[in-house]
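Colleague: Chains as they are written, first to last, in my numbering: chain A, 1 to 240; chain B, 1 to 1213.
Just so you know, these hints were derived from the structure itself, not from any lab. This one's a predicted model, so the numbers in the text were calculated from it and none came from an experiment. Idealized CB from N, CA, C, for every residue including glycine. One or more of the hints may lead you astray.
[Claimed, not checked] What follows is a set of in silico ranges between Cβ atoms, one per label pair, in the way DEER data are often shown:
#1 A:R56 - B:K1053: 55 to 63 Å
#2 A:L28 - B:G1016: 40 to 48 Å
#3 A:R67 - B:N262: 48 to 56 Å
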Amino acid sequence: MQEFHFPTWVNKFTLLAAVTAVTVGGYLATCLFAAIHPQIVNVGHQPKQPVPFSHRLHAGQLKMDCRYCHNTVEKAAHAAIPPTATCGNCHGGNRTTMGARDLGIIHPESTLLEPIRVSLEKDDPVLWERVHDLPDFVYFNHSVHVNRGVSCVSCHGRIDKMEVVTQVEPLSMKWCLDCHRNPALHIRDPQLVTQLDFLPTDKEGNRVEVGTEAYAEAYGKEWAEKLGIKPNDSCSTCHR
Amino acid sequence: MIKPSINQFDTDNPELLDSKELSDSIERDFGTAMEGHADGFSRRRWLQLMGASLALGGAVGCRYEEEQIAPFAFRPQTRIPGVPQKYATVVELGGVAQPLLATNYDGRPIKLDGNPKHPDSNGASTTFTQALLLDFYCPDRLRVGMQLSDNRELAFEDIISQCKFSDYSKVAVLAQPSASPTMLKLQKEFQSRGGNWFNFAPINEDNTRAGSKLAFGKVLRSHFHFDKAKVIVTIDADPYGSVTPGVLRNKIAFAKGRDADNGKMSRIYTIESQFSTTGTVADHRLSVPSTKIEGFVAALAKAIKDGVSSTDTFRDKFVSVLAKDILAAKDDPADHGLSHSILVCGERQPPEVHAAVHALNEFLGNHGKTITFTEVHDPDQTPCLDSIKEFAAEAGKMSTVVILGGNPVFDAPRSLKLGKVLEGVETTLHVTNFKNETTLACKYASAAAHQLESWRDGYSYSGSVLVGQPLINPLFGGYSDTETLAKLMGIEKSAQEMVQETVGLAGPAWKAAIHYGFEYEEERLQDESGNEIRKVKKAPEVVPSVGNVADLKSDDGWKKWDGESLEVCFNPSNSVYDGRFVNNAWLQELPDFFTKVTWDNVVSVSPKTAEYLGVMQYGMSAKSKATMMSVSIDGESVAIPVVIQPGQADGSIGIEIGYGRKMAGRVGGDQARGVDPVGQDVGPIRPADNWLVRKITKADANKTGTLYRLAVVQEPWEIDSTGRDEIQGRMFRDYGMSESDRSPLIREGTFKSYQGFLERHPLEDGQAARLPEAKPAGLKPGELPIIQPVSYTVPDDKKPHDEKDHDESGHDKKEHGGDHAHGDEHGGHGGHEAKWPEAFHMHHELFDLEPGSRLDYTAEKANPANVHAWGMSIDLSKCVGCNACVVACQAENNIPVVGKDDVWRGREMHWMRIDRYYGDNLYAADKEEAEEMGVQVAFQPVSCHHCENAPCETVCPVAATVHTHEGLNSMVYNRCIGTRYCGNNCPYKVRRFNFFNYSDAVTLLKYPGADKLPEGDRQLQNLMMNPEVTIRSRGVMEKCTYCVQRIQAIKIKAKNENRPLRPNEMQAACQDVCGTNAITFGDLNNPESDVAKAHANPRAYGMLEELNNRPRTKYLARVRNPHPDLVSRDDTDSIGDHGGHGDDHHDDHGHEEKGHNDHSQTEHDDARGHDHDNHAKQHADDKKSGDGHGENHATENKSKSDHDHGHEDKKDH
């Protein structure tokens, strides 16, 4: 029997097949890489909360300081979600009283606030959805950042403009290191850390955005110097 | 030539070549490809699971899992989530209350430490205290009330009503001797109502108390001030052993009295049958069987009172020198605050010996000077052994018997048949934390609230009253022992009310007592940093006088073993105490401080006794297998594996008690569940009389012929005699390996030699090692500044000297690799150029393979971010090898337990290990004399050395272990892929690999059906974990991190407060727990820190420093203080120059002196920028001529004056 041979014109397909394989493989790899990139995966995370708490209203319009609720941010690693009692101070209705006087008189009957009142009544926690979630092998400490002049806005964005809190930064290791290696882009007077709309002016009197070189030149470097900011970029700073 | 004697007894044995033995040991040493874990988790199954979870992972999507946050509805005041809080509290062990400071994390205790404000602890604690935490979170704890007959759960109230006392004459309570004043009050009340009270604990002070009664007419507690005595004689006693009540006080005082840097040094003589912790640190040790010690004390008394005649044998000489030393201490004026002596008698000795020792102490004027006394809180307590016998006789007549805690059915002499006795009683109730053998013999059981869950009070060892608050609500409900008893008696008071009533305080004073954890004096004091402190209210001292004490029978049996008399000593276990901690996996896996055996009890015999009895240890690797030996007493016999222990008294057989529990739990043994007991139960052979020591004959001790596999953590890796000799050659002193300049692992010398050295090279300010004072205090009030600019740099005048010189000289760092930049050999700052012991100190050429590759962590230029350079020092003079640091590290760093099988395979996970070395006495003239003097022992705690030139880092393919700017060798778990190259390349063998998912509770518990454990039970142990430390998973390397979580925490604290770190603010967990302050940790760049001072001490050396690793952990050479008349060889200048042994072993003194001179000169040259090569060349020449030179030197310098001349030479240089 005569052996079968591929005709020679098939040869050009061999090359084509190889090129296709590499291209498709590369494409898929790029897709996968892009798909799991923190910028894609994390940014924009916006879970639904049990109570539609509006930061835009509280922090933006009412100009409540961040630390009224997140009051452990200067002392601890966690910027603790406030206990329900904090909400109750204004919204608890007759569950928050001083003597005979009800304190929580703002929207005491609102149905949206029902979980708050139930929590106060039963002494059970309200289960909030975590928005900014770091991997468990990362040890991040809020206090040391806030006390050393890193504003909330640098990591959390303009919370005071958010109706529903959304993650705006990737919170990836590269993103952390960018700042640790060039802190002047984000350092400010520690007194002003909760002032989310703070924009310093440069020599010409123009407002400069936080996180830009212009900011560092106009304002950040001076404060980094003043506070002696020399962030550590060793592994054990965050991984223990 | 003196060859060290260790382990020679188990080699060169034809049986070793027996193929089974060999193949076993090869399998163990090199391993075989394992299909699955010993406990059944096959590789295939794992792959299946992995496949499944990958598929699931794909389905879930790429977003992290969603997490919920559950804040308090009402957060308690002062509570900050995630910030640990510390509370003073109390736990009781062995009838002594211990002052504690517990760390609570989000409301749950995660670490127990000593209370730094109480002098009984100074912040230190013991292995048992550390491991109590694991007991607390143990899923095996009894959770409910039970009716045992039909295994029915009962409510606590029902049990109380079932067992309520009515006719007190028919009610008996069996409790352990308690230190709680509240319990004592309840006992009085109970007895006044006609009740029958019995007390029993297997580890008690019966003999000590009886001896005191015999001598003084009443029971008193002796307090030994080891920091004031010049001569300390321990007679079968172990004042520094973990099991001893009051051990921390003793250890603190021990370290204060052994301050060689300041010329203060007590001398410790130990006479004992078994190696004790104290024996290991003694300057002279005589092994005498416990039954023969009476004769020794008689001889000593005679020598002290009448003077000595005979000095024929070494032992005669020993007694005469000891007597002379004691008398000299009595008459001589105080030297550095040391005068007089202390004679301590141990519990194994009968009351008569105790009384005789009390009389001797009085004769020597020690009472009131070095020994003080206080009243005991329970003078009328019947001795435990008598009380339990009474109980066994009386219980049958009772209608109700309540047993408060303990496990008397297992612990008491078995001939009393307590189990049977209890069965005959109508109502029996056991109030306990764990279901044990006694619970099974009772009709009802009630879960007791754990010590950490209840209000407590108690007398500390020094007699002060401690107050303890609960750290958490009872996890499983239940009442404490006092509450239960009160309820049974119809007293409706909570434990808090009772404790407050007993303490008798109210309002702010009560609150302050809870805050401090003890009753305090009225006087308000301030510590150095301005914090208010209160002094502990002390118990009043009494000054007793010794009445008529009968002379002891003189008997020369102690002088030499007659070759046939045998005795058995029953010893408390240093791991599981009396057996109560058998279910505690931390303590089970903790190597015995001396035998280094885990997960087993052993019978220890001396090599000679072993030969006599025909028992052996087998295995190419030492101790991997042992013969079983059966010991018979009164017709009962028990088989136990043998460990041959140099230093044990010939004819004395030591047996550890407490193991072999059949009803302990899923770790320690639970027959009902099919979990085999751990170790052998020796209870059956313990006689009801003389139950600590018992004479036997050869017929009672037999080799059984079976082999037993022991999991020993030291010496398992000596594959052949070469390996063994290599280690041997590095112990104490390099006798055999003359050609090398390798440094011994352990360096030591005599106090005399050190004093001579210090005269020539006085210590500069702050180079002395730290003494165990209270741990550094907290923040000064008012020190909290508001935000103000602070730069974290060292002021110029505080910079290390040589660094400054360095910079000025314009010295090119690249060429020299920063060799001298921060005193690799001189400590952190202006350290001693000279080193002690001189004979041991070699100059090693340090270099960088790639010049400039190694960061100079102390130079600010290279290290802009930080000025800290973390380092550790371990003072071998102070380490007693007690293991507390090992458990503390385990508790702090979430270190898993691997179980006996995996320890046997060498997979233990402890980040810190304590190496124990035996060796011949260094100061003996020859082999025979060395044998007479007995072996010497040294301990060496080893954890990651954080080498600046770390060998592990260069071999990691994924950069999972890297250096930080502060000099930490950090381990990045999430990068590690588990190649284990780093572990291979580590010369200290301190890296540990997670062969399995050890942290998983299922693996941890290791019992059949553990995977069916309810989820809640598995998570129970997660509550115990330190949230600041990552829990490592399978396939990841780990090792000591220098407690990086603590470093970060204090750095963050300081930054938040805008201040630089205080010198000794950072405390590592192993340092925290150390009673003798052998371990110091801190910032080498801060000259004020203890660790910088320790590194500058002339005794400091790095382990294996010739490898050019530049370890950040340094050891301080051990100082021994032998009596000059009892040493034949003097190391005043260099061991080996005297006594005609010069050619037996290499004398490197000459070489050393020369090398040293070269070194200092070269440094000098360096500063002027001379060529470095000269130095290297000169040094190499020096090495070459080493041998011949040494010999010449030995002949030239026969006398001491020649040596002095040698030193003058040096000065001329």
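Colleague: Evaluate each hint against the coordinates.
Modeller: Hint check:
1. A:R56 - B:K1053: 55 to 63 Å: 35 Å Cβ-Cβ, so the 55 to 63 Å window is violated.
2. A:L28 - B:G1016: 40 to 48 Å: holds, 44 Å
3. A:R67 - B:N262: 48 to 56 Å: holds, 52 Å
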